[in-house]
Every structure is written in C-alpha cells, then in structure tokens.
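Asker: Protein chains in written order, with the working numbering: chain A, 650 to 985; chain B, 8 to 320.
Because the hints were derived from the structure by calculation, they are not lab data.
Keep in mind that a hint or two might mislead.
To be verified - One side of the interface only, derived from the structure: several residues of chain B facing chain A at Cβ under 10 Å:
{"hint": "1", "residue": "Met31"}
{"hint": "2", "residue": "Thr34"}
{"hint": "3", "residue": "Leu50"}
{"hint": "4", "residue": "Val69"}
{"hint": "5", "residue": "Ile130"}
{"hint": "6", "residue": "Thr132"}
{"hint": "7", "residue": "Leu136"}
{"hint": "8", "residue": "Val190"}
{"hint": "9", "residue": "Leu201"}
Glycine included, every Cβ here is placed at the ideal spot set by N, Cα and C.
Single-letter residue listing:
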Amino acid sequence: MATETTTPKPALRVPVVNYSTRVDKVGWQPQAANVTRAIIAVIIALVMLIPVVWMGMTAFKPLRDAVTVPPKVFFTPSMEGFVNLFTQRRQVSDAEVEALRQRTDLGFADQVALAQQQVIIGQSEFTRQIINSLIIAGTSTVISVVFAVLAAYAFSRFDIPGKDDLLFFILSQRMLPAVVVTIPIFLMYRQLGLYDTHLGMILLYTSFNLSFAVWLLKGFIDEIPKEYEEAALVDGYTRLQAFRKVVLPQSITGIAATTVFSLIFSWNEYAFALILTSDRAKTAPPSIPLILGSGGIEWSTIAAASLLFLIPVVIVTFVLRKHLLRGVTFGAIRKG
Amino acid sequence: MSETSSKLSGIETRVHQQPRQRQMSNTRIVQLFILPTMILLILMNIFPLIYSLYLSFTNYSVISDKAPEWVGLQNYTTILSDERFWQNFAVTGRYALISVILQTVIGFGLALLLRSKFKGSGIITTLILVPMMLSPIVVANFWKLIYNPSYGIFNYLLGYTNINTSPEWLGEPTRAMWAIIIVDVWMWSPFVMLLCLAGLSAIPEYLYEAASIDRASAWFQFRRITLPQVMPLLLIAVLFRSIEAFKQFDLVKGLTGGGPGDATETVSIRLFQLAFQGQYDTGMSSALAYIVLIVIIAVSNLYIRSLNNARGG
Numbered sequence: 650m651a652t653e654t655t656t657p658k659p660a661l662r663v664p665v666v667n668y669s670t671r672v673d674k675v676g677w678q679p680q681a682a683n684v685t686r687a688i689i690a691v692i693i694a695l696v697m698l699i700p701v702v703w704m705g706m707t708a709f710k711p712l713r714d715a716v717t718v719p720p721k722v723f724f725t726p727s728m729e730g731f732v733n734l735f736t737q738r739r740q741v742s743d744a745e746v747e748a749l750r751q752r753t754d755l756g757f758a759d760q761v762a763l764a765q766q767q768v769i770i771g772q773s774e775f776t777r778q779i780i781n782s783l784i785i786a787g788t789s790t791v792i793s794v795v796f797a798v799l800a801a802y803a804f805s806r807f808d809i810p811g812k813d814d815l816l817f818f819i820l821s822q823r824m825l826p827a828v829v830v831t832i833p834i835f836l837m838y839r840q841l842g843l844y845d846t847h848l849g850m851i852l853l854y855t856s857f858n859l860s861f862a863v864w865l866l867k868g869f870i871d872e873i874p875k876e877y878e879e880a881a882l883v884d885g886y887t888r889l890q891a892f893r894k895v896v897l898p899q900s901i902t903g904i905a906a907t908t909v910f911s912l913i914f915s916w917n918e919y920a921f922a923l924i925l926t927s928d929r930a931k932t933a934p935p936s937i938p939l940i941l942g943s944g945g946i947e948w949s950t951i952a953a954a955s956l957l958f959l960i961p962v963v964i965v966t967f968v969l970r971k972h973l974l975r976g977v978t979f980g981a982i983r984k985g
Numbered sequence: 008m009s010e011t012s013s014k015l016s017g018i019e020t021r022v023h024q025q026p027r028q029r030q031m032s033n034t035r036i037v038q039l040f041i042l043p044t045m046i047l048l049i050l051m052n053i054f055p056l057i058y059s060l061y062l063s064f065t066n067y068s069v070i071s072d073k074a075p076e077w078v079g080l081q082n083y084t085t086i087l088s089d090e091r092f093w094q095n096f097a098v099t100g101r102y103a104l105i106s107v108i109l110q111t112v113i114g115f116g117l118a119l120l121l122r123s124k125f126k127g128s129g130i131i132t133t134l135i136l137v138p139m140m141l142s143p144i145v146v147a148n149f150w151k152l153i154y155n156p157s158y159g160i161f162n163y164l165l166g167y168t169n170i171n172t173s174p175e176w177l178g179e180p181t182r183a184m185w186a187i188i189i190v191d192v193w194m195w196s197p198f199v200m201l202l203c204l205a206g207l208s209a210i211p212e213y214l215y216e217a218a219s220i221d222r223a224s225a226w227f228q229f230r231r232i233t234l235p236q237v238m239p240l241l242l243i244a245v246l247f248r249s250i251e252a253f254k255q256f257d258l259v260k261g262l263t264g265g266g267p268g269d270a271t272e273t274v275s276i277r278l279f280q281l282a283f284q285g286q287y288d289t290g291m292s293s294a295l296a297y298i299v300l301i302v303i304i305a306v307s308n309l310y311i312r313s314l315n316n317a318r319g320g
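Just chain A, with the same shape it has in the complex (with noise of 0.2 Å):
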C-alpha cells in the first residue's frame, strides 16, 4: 500500500546511480506478467461482488422476478421491495381495485401498490427500526470517542502504574464473544429496567466502542510529536490548555476515523441487539432476517432493506480507505 518513498529528502539533488534499472532488465518482473496479474485481480474483485451487486438488483426486482427458476439476470425494475418495506398494506378486491384506479390522487407509492392488489394502510416497522440504529450507534459513537480521546491522551502522554496491564484489560473486552457478555447483562438490565431502552443499548454499545476507540485513538495520538505540546507548556499554557489547542487539532483525523470506525461497529451490531431489544429500542439488523412477506418470503422487500442498510458503509469503506487496516486492528498496525 504505502510506498516508503514519501519522506522528503531537501537540498540533496545528487544523481542518484540507479543499480536497479540494470538488474530489473535481467527481467524477473516483465511487464506481461503485470497485466495478467492485474486481470485476475480485477476478475476476482468483480467475483467477490457478485453477491453484493445480487442484492441490489434483488432490491429492484417485482416479488415474483427475485424467486424464479432460474434466476433472473434480465427484469423490468420495480420498487415493490421498497414500497413494501416501508408500508403496511391490504390486500383488496377486484372491484375495489377497479375503483382506486379511476382516482387521480394515488402517490407513487399508492400505485405500487395498487399494482399487486393492495391499498397501503400505514407504515411498517422498519423505518422505525433505523432510526433507532441511527440514535444508537450515533449516540454510544459520540459518547465512547469523548471518552475515549481523554483516556487514549492519558495513556499515551502520561506513566500511568499498570499502563499495560490496563490497556490489554479495555482490549480484552473486545476478544470476549457476545453471548458471554449478555447474560449477565441481560440479568442485570431486567433488574434495572433497562431491558429494551434506547438508553441501555446506548451503555452497552459505548462500552463496547470504547475498548476500541482507545486502542485506535491512542495510536494516533502517539503519532503527535510531544514536542508540540512541550512547546505550549514553555509558552505558558496549562496542560489542559495544550490538550484542547495542541493536541485536539491535531488529531482530528484520527478522532474521524475512529468515530466513523465505532459508527460502523455499532450499526452492524446484532447479538447484543437481538437479545437485549424486543421492540422498543430494536435495531435494524435484527430485524432484516425478520422480514416476511404475505405469501412467503418477499426477498425483494429484504434485499431492498439490506440493501439500504449497507450502501452507507459501502461509501464510508470509499471514504476510510486509507485508514482500514488501522481501523480492523484496532489501531495497532499502522501503515508498513
């Protein structure tokens, strides 16, 4: 990924003796073999998306096109899946049918509907069941990375007695499977009545973020000279002082990438959410295996919910690409 050719070297234009040109035209790397290798990469990039790309042509197909024998490559789009996705619907008669369609007021989504013999009769659950992921995973997110910036500057700047034992501890919660964290969980949020509220997922999420957002954040404040804020400290600025305008600034990327980081893990959470929700305060990713139509399993309504629940992190993996393979080992390898 990285090359190690981006430190600067000023003011030392000596032309450099090439010894490599001589040795690459002995050719172990000729350039055949480079434009095969990029072929196969690109094939299998295309492989490996095929079950994406499936889901968001499932997404667009009628009900009946997502379940046919075989599989169809080829269909006219519809919106069926997402209408349905967010609707309640009945099922109506011929003639009540026959009277909708003379009307002129029928949204879009009206018409869809119309189209498979039913009238939309309220919202469904699921609307309701992203924003609770949204205020979930953004809350837990902004509480954990506050915390987390705070502890992961102690614990970079400062000795602290214990200081290894303490981060291998914040890690170890993230090694633990789960279920094994739930039950005793589950126990005490019944005692606490925190059993299917927004707060109780928001405690749980932050906890688990934060063992995270320390290790990864930690990583690069690490990276911040210390001369920066020594230099503050001559100046007369207190410690704080120099952590709010010295070392904030200079972080902020880190803090982004981690924020968006725990943002991810907690909107694809579903273990902690399948147990310790059941209505109230349930999340989107339980939820999406428990879509059913009326007759069968409508995979146009699922893949459309799927669908919507994934493009967002589609566009951030674009946008952290830089910053992924920090991110997945929680901070502790940085760029070779």
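Use these hints to put chain B onto chain A, whose structure you have.
Answerer: Okay, now just chain B, sitting in the frame of chain A:
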C-alpha cells in the same frame, strides 16, 4: 521539558510554573481522563462478569422465580462430560481451522496479486475490502437466497442448471458447514489481504535486487524474502481471525441457526440457545460462558504477545 516531566509531575509544577492560579497536576488530569472509561468498563463488564461467575455455580433460570441455588461445580462437570458440548467445540474448531486456513491462503494470494500497483489498483483493492465492512447478519441472511437450491444463483454459477440434481447447501450437514465457511472466507479474506499488503509494502526492494543479482529463483525469493518478511503481520491476521472465528455467532445464526440438527452448532450458538431459548438455563450457560472465556483469554494472550513482538521487531 523532558520525558521525565510527567513522572515528576509534582516537582515540575512547582519549579516551572510561576505563580499561576490553580493548575491541575498531571496526576489529577490522568485520573480525570481515564476514570470515565474505567468506570463504564467496570460497570458494564467487570461487575456482570463477577455476577455470572457466581451464577455459574448455581442452579438458576431467569424465567423462574426461584432464587439461585448453590450447586458447586456441578454445571462445569455436566458440561465437560456431555458429548454434545464437546461436539459444539469440535464444530467450532473445525470451522475455525478450515476457514482461517482458507482466508490466509486466499488473502495472501490476493495481496501478492495487488502488490505492485497498476492503473485502478487502488479502487480494486477497496472494492475487495467491501465485504468485511458489511453487517454479518444482514449479509448472511441474504446469502440464504443465494444458496437457495431452486432460485438461488450460487448453484447456477457453479454450473448446476437442473434444480432436481443441484445440491442443497444449507439443508445437508457437511455442505451447510461449507456454506458458512464460504461466506466467512468471502467476508474475511480481504482482512488477511489488507494486513499482508501492509507487510509486503514494507519489504525493502534491495532485498529482491540482491537476490536477482545472485540469480535466485522466484520461488527462492518468495520463500526466503517475502514469506519471512510478511510473517509477523500474517501471524497477527491469523490470530485475529482465529479469535473471531471461535466467537462466530452472526453468520451461523443467519445462515443455518445451528442446523441441520446440530451440524453447524458452534459454541456461541449453543450458548445462545442455552441461555435465551427453551429453559433459559442461566446457571449452566454461565458456566459454559466461563469455559469459553478461559479459552478466549488464552488465545488472546497469545495474540497480544505476538502483536507486541511484531511491533517491537
């Protein structure tokens, strides 16, 4: 100010700072900064874990009104002498082993392919990385459609066009396991690739040049330069993935729910069923949770140690 300033915080404040009002000492700052994190982690993790350690020695169910009844080590002996639990561990182990090996090989292969840059290689790399960022449960749920024996595309892509003879992936014990492994490998090979790419990019070019001058074969270069240089990061990737595979819950729950029978019943799935379905056997499931905990701590210790080695080296 020097490195030692933080150590000698008390002295330093007095010496350096002329009469400035109410400056917080460094110790104070450290405490203030670390406390929120620690309090939350202790409340949300340590306390529950101690509670469940107690429960693991009791006969207790959340759905009954009876108070926990102390039974000593009985839950542990039941688990360790029950064949089905050993079966769960065997399933988890087999799944973790096969899937981590495949991820390592494929991930390393991908990294070698994408190592030298070409036009668009950045985009290709990011595209390949997309699966690992997605929500496992949502992805697994959709793979059920892909695996469907009559209208799923998986069989068609493999060339089975007759639905009467095409294999059923999720309904047959051995294939169900492979179905899960395939999705896991699809999601997580990119992770291994990402780490390997980082390792590969750090190998100094002169090593290869020197080897070429000595007319070392490509295989020799791979075995004596590439492999050893990437090894630390590869090891981290493997350990990371092993821990995650051992914890595997979402994918299995989404694809098979542990079935058919108990063919894909991993430890996490069993734990979930024991704790939150049927009898809600809280005591027994806490004991199983502790056994899992011990295994995970052992593995993650190994992980941390090799991580530190890799960083130091």
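Asker: Look at each hint and say if it fits the structure.
Answerer: Now the hints, each set against the structure:
| no. | hint | verdict |
| --- | --- | --- |
| 1 | Met31 | holds, 7 Å |
| 2 | Thr34 | holds, 8 Å |
| 3 | Leu50 | holds, 8 Å |
| 4 | Val69 | holds, 6 Å |
| 5 | Ile130 | holds, 9 Å |
| 6 | Thr132 | holds, 8 Å |
| 7 | Leu136 | holds, 6 Å |
| 8 | Val190 | holds, 9 Å |
| 9 | Leu201 | holds, 5 Å |
Of the numbered hints stated above, none is contradicted by the structure.
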